[in-house]
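J.: Numbers 1 to 98, taken from the working numbering, label the letters of the sequence shown in order.
Rather than coming from a laboratory, the hints here were simulated on the basis of the structure.
One or more hints might be untrue.
Said to hold, decoys possible - Capping the alpha-carbon separation at 20 Å, the derived lysine-lysine pairs in PhoX-like fashion look like this:
id	residue 1	residue 2
1	Lys59	Lys42
2	Lys69	Lys59
3	Lys53	Lys33
4	Lys57	Lys69
5	Lys16	Lys59
6	Lys59	Lys33
7	Lys16	Lys33
8	Lys69	Lys16
9	Lys69	Lys42
10	Lys57	Lys16
Said to hold, decoys possible - Okay, the calculated beta carbon distance ranges per label pair:
id	residue 1	residue 2	range
11	Ala89	Glu9	27 to 37 Å
12	Asn11	Asp51	26 to 36 Å
13	Glu84	Asp40	15 to 25 Å
14	Glu9	Glu52	28 to 38 Å
15	Ala67	Leu39	20 to 30 Å
16	Glu9	Ala30	26 to 36 Å
17	Ala30	Ala10	20 to 30 Å
18	Glu32	Ser8	29 to 39 Å
Just so it is clear, CB atoms sit at the ideal spot from N, CA and C, and this is done for glycine as well.
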Amino acid sequence: MEFLITASEANIITEKGVRAFVMERLLNSAFEKGSVANLDDKTVQVRIEGDEKEIRKFKERLEIDMASKFGNPIISFTGIGHTENEIPALLKSSQALV
Numbered sequence: 001m002e003f004l005i006t007a008s009e010a011n012i013i014t015e016k017g018v019r020a021f022v023m024e025r026l027l028n029s030a031f032e033k034g035s036v037a038n039l040d041d042k043t044v045q046v047r048i049e050g051d052e053k054e055i056r057k058f059k060e061r062l063e064i065d066m067a068s069k070f071g072n073p074i075i076s077f078t079g080i081g082h083t084e085n086e087i088p089a090l091l092k093s094s095q096a097l098v
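Please construct the entire structure, taking both the sequences and the accompanying hints into account.
T.: If you want it as structure tokens, here you go:
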């Protein structure tokens, strides 16, 4: 399953570290497979494999956490949809954010 996180203005996604924020939440979840990727400077794609109810709960919690962290509702979420692409296993490693 997948959903998008979209910013109303360019560079908000990259300047505020949205991908890293979401990835941290995903790594600390019980999901075995998932990915978070910047599609452009306004959009992050989140793909997760698992129980649909748990994915919906994860997304709802993420929306609350992001509103708390980033404040102003300049970031919005799409609905959850199905993906045809293979979702990779979560890579539990660190990544330098440069």
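J.: Hint by hint, note whether the structure agrees.
T.: Going through the hints against the structure:
Of the pairs offered as hints, the one joining lysine 59 and lysine 42 holds, with about 18 Å between alpha carbons and a cut-off of 20 Å not exceeded. Taken as a hint, the lysine 69 and lysine 59 pair is honoured in the structure, with Cα atoms around 15 Å apart against an allowance of 20 Å. Restraint check for lysine 53 and lysine 33: satisfied, since their Cα atoms lie roughly 15 Å apart, inside the 20 Å limit. Our distance criterion of 20 Å between C-alpha atoms is met by lysine 57 and lysine 69, whose separation comes to about 18 Å.
The straight-line distance between the Cα atoms of lysine 16 and lysine 59 is roughly 19 Å, inside the 20 Å bound, and the hint therefore holds. A distance of roughly 15 Å separates the Cα atoms of lysine 59 and lysine 33; the hinted pair therefore holds under the 20 Å criterion. With a C-alpha separation of about 25 Å, the suggested pairing of lysine 16 with lysine 33 is violated against the 20 Å cut-off. With a CA separation close to 10 Å, the supplied pair lysine 69 and lysine 16 stays within the 20 Å bound.
Of the pairs offered as hints, the one joining lysine 69 and lysine 42 holds, with about 18 Å between alpha carbons and a cut-off of 20 Å not exceeded. Between the alpha carbons of lysine 57 and lysine 16 the distance comes to roughly 23 Å, so the proposed pair goes past 20 Å and is violated. Checking the proposed 27 to 37 Å range against alanine 89 and glutamate 9 shows it holds: the Cβ atoms sit about 34 Å from each other. Between asparagine 11 and aspartate 51 the C-beta distance comes to about 35 Å, which sits within the given range of 26 to 36 Å.
In this structure the supplied range 15 to 25 Å holds for glutamate 84 paired with aspartate 40, their Cβ-Cβ distance being about 21 Å. Between glutamate 9 and glutamate 52 the Cβ separation comes to about 32 Å, which falls inside the hinted range of 28 to 38 Å. A C-beta distance of roughly 21 Å is found between alanine 67 and leucine 39, which places it inside the suggested range of 20 to 30 Å. Restraint check, glutamate 9 to alanine 30: a C-beta distance of roughly 34 Å satisfies the suggested window 26 to 36 Å.
With their beta carbons about 34 Å apart, alanine 30 and alanine 10 fall outside the hinted range of 20 to 30 Å. Under the hint 29 to 39 Å, the C-beta atoms of glutamate 32 and serine 8, about 33 Å apart, fit the expected range.
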